[in-house]
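Colleague: Residue-level listing of the chains:
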Amino acid sequence: MTRDPEGAPLLHAPRKYKMATVSLAGCFGCHMSFLDIDERLLQLLEVVEFDRSPLTDIKTLGRCDIGLIEGGLCNAENVHVLREFRAQCKTLVAVGACAINGGLPAQRNQLDVGKILRDVYCTQTGISANSQIPNDPELPLPLNQVHPIHEVVHVDYFLPGCPPSADAIWAFFNDLIAGRTPHLGHGLMHYD
Amino acid sequence: MTDQRIDALSPGTFELDGRDVEFAPGDTILRAATRAGHYIPHLCWKPEYGPHGSCRVCTVKVNGRTGAACTVMAGAGQEVQSNTDELNAQRKTLLQMLFVEGNHFCPSCEKSGDCLLQATAYEVGMTGPHFEELYPNRPVDASHADVLLDLNRCILCGLCVRASAMVDGKNVFAIDGHGIATRLIVNSPSGLLGDSALQVDDCAAHICPVGALLPKRRGFATPIGQRRFDISPVSQQVEKDAT
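If you're matching them up, the sequences are chains P and C in order.
All the letters of the first sequence, read from the start, carry residue numbers 1 to 192 under this note's numbering.
All the letters of the second sequence, read from the start, carry residue numbers 193 to 435 under this note's numbering.
A few of these clues could be false.
Computed beta-carbon distance windows for the label pairs [claimed, not checked]:
1. Arg40(P) x Pro217(C): 53 to 59 Å
2. Met32(P) x Ala413(C): 47 to 53 Å
3. Ala413(C) x Arg40(P): 32 to 38 Å
Chain P side only, calculated, beta carbon under 7 Å to chain C, not exhaustive [what the hints assert, rightly or not]:
4. Asn101
5. Glu151
6. Phe158
7. Cys162
8. His186
9. Leu188
10. Asp192
Rather than coming from a laboratory, the hints here were simulated on the basis of the structure.
Here a beta-carbon is modelled for each residue, glycine too, at the ideal position from N, C-alpha and C.
Chain C with its partners taken away, still in its complex shape (with noise of 0.2 Å):
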């Protein structure tokens, strides 16, 4: 325990599928290996939010034993496997649960193309949905004046819920509900979007990293071809500079 925990606060070199990564002190394995230009793929965390270890996606195999790598602290010498057939096939198969779990019909979702979700489906090559579809019915609230809420495509990243608490200062939104049932609600008296603080500039209406939150009527602006994932695949745009 004690070697391990002078590991997490020195810096050091560990090695991702046999190239060798250094990591700063507290530094996660994603957070390093993505500093590095190297894609591990994930979906709720992002650079400046921290780790939320609920899309599992990231999985990596950290000597032998798996863990998320959002949340695994990097060590000195640790032989770190992503980019394997196995933990690929298991990435597809999260991919797959979270398609069937919402009505994920891209041919009209105006976040086709530049859809995180999509792009890393794309990545893994999930060519089908391999599971019964649940065809979820939950309403759409379109009560704010410039932002649209289709929790019907939400995969519960957490990222709003952060950015609103933690850049905005408001606390719009929470993740409440167990097992299936759970939902983003959002806090307001009537539970609208449109009664709450949150505001089309605020950082939270433009984190969605999927369908679900997105600003109204500016959809369909980029010309196909175009798109954040038409121009390269996902494992291509390393958010390299993150701290």
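The shape of chain P in the complex, shown without the other chains (with noise of 0.2 Å):
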């Protein structure tokens, strides 16, 4: 914090942004390719603080100025969550290919979701017999399908790529920050 020479707080120091984060059906590479900017992590420090997100143990989501979502969404947890950073962050960015368009995620939409868990929970070899599809009220519900997450809320921004690479990252990030609306170029703008 900014404080005057006597040490005391200034009482209107510029005030840090604050940033949450979450994964919802995603595979946190986008989180890992956040961590990509490396060192510049601390240069970020400086002017956004962290509310709820995996790198803090924060349970609770607060009023946000940004909100970034991994994953799309493929079970009602995930819709509880998204609507939740909806409600409390000032602008919310779809980060990465699964929360832009489902990702590779959705190619389950081509199948019946039944038929895929009870695939993979009863009928799958090496599973022990009578194995069941897994019912307690404490998991989830998958969707049917697998959905981008600005069907379900308003976005406001998209940083695409799968994962978007640290630099697009940053420039997102500076272009936010400095008030200006994100803009990716060639070589950062990419879907893969």
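Combine both chains into one complex, guided by the hints.
Modeller: Structure below.
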């Protein structure tokens, strides 16, 4: 925190941006690509402080300036968390192919979800006899199909890539924090 | 009417985004612009195969009226607008429509980096899909020994149809159906690619601008960074030798 020469905090010191991140039906690869900004993370931490994120121990989400969503929606809990992020974050960003169009997990949309569960938990070779599809209410039910997040909540920005490169994420943050509309040019814009 | 006919049959010059472009008799705007090295976004057009008019991505304004640059004949003194915010926004919408209509999961597609649909979407700055995904469930045709057909990626540009008919002389492909059910079909008794006359060296087997029709066992051969559109954006790769 900025302090005056006497050591007391300034009354109107510039406030840090609050940032929350989450992985829904993601692979954590977008978070890893985020960490690929390497030592630039220290620069970022001078202007940003983290709220709920897989990188912090905060369990409940507070008011945030920026919410980064990795992964699409594959189960009921994903939808609940996404709505909470939308309610708490001023700017919500769909990060990566999964959050943007469902991504590779959405290839399951070609199949019946019941058949997939039976195949994996009941009929697959190598599992013990009488194995059942898990049915504890503690577990979130899968959705019929995987969906991108913009089909459930309004999304302010899309940051494409599988994952977006660290340079793309860095360029995006720089634009966003400077108040510019993020723009990725050739080399930073990719879907793969 | 008489004046326009004469224009279309005689050489001259039109203006594209403020630059003079020369055209030859019978040229469309897209053909003349491409020959002169100017980029107008397009998907279903290729210099050797003539217009198709299905993707609408080449839509320009000619003397204030919109038209597909691949079908509108060039005429002397036309004022053509292409690279404007309005037209590029419309192109982005068209691309978003094509993306949600299919399963364009670029991360696992062997055409990624070499795909005209993807490169054109990069060019117009498409970051997200905007529309609801349709997630079509059309069966993949892997019956052919050397060629794979994934209709969930097909954009119905008809280039394989034209190449098979015009170059290979085989008429392997056709476009069938109505509305959103329109799809590419294969001319063989079973409807399968493996029972058709298509061979891997045919022009039609290589012309697909996206990842729908692909030679088998050749995926992911080019290192990332060296693929066609990694090197430079599509707007800098105009096929200038178009005749």
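Colleague: Confirm or reject each hint.
Modeller: Checked hints:
1. Arg40(P) x Pro217(C): 53 to 59 Å: holds (58 Å)
2. Met32(P) x Ala413(C): 47 to 53 Å: Hint violated: Cβ distance 26 Å, outside 47 to 53 Å.
3. Ala413(C) x Arg40(P): 32 to 38 Å: Cβ of Ala413(C) to Cβ of Arg40(P): about 34 Å, so the range 32 to 38 Å holds.
4. Asn101: holds (5 Å)
5. Glu151: At 6 Å from the nearest chain C Cβ, Glu151(P) passes the 7 Å test, so the hint holds.
6. Phe158: holds (3 Å)
7. Cys162: Holds, because the Cβ-Cβ distance from Cys162(P) to chain C comes to roughly 4 Å (cut-off 7 Å).
8. His186: holds (5 Å)
9. Leu188: violated (10 Å)
10. Asp192: Given a least distance of 4 Å, the restraint on Asp192(P) holds.
Violated hints, listed in ascending order, are 2 and 9; each of the other numbered hints is respected by the structure.
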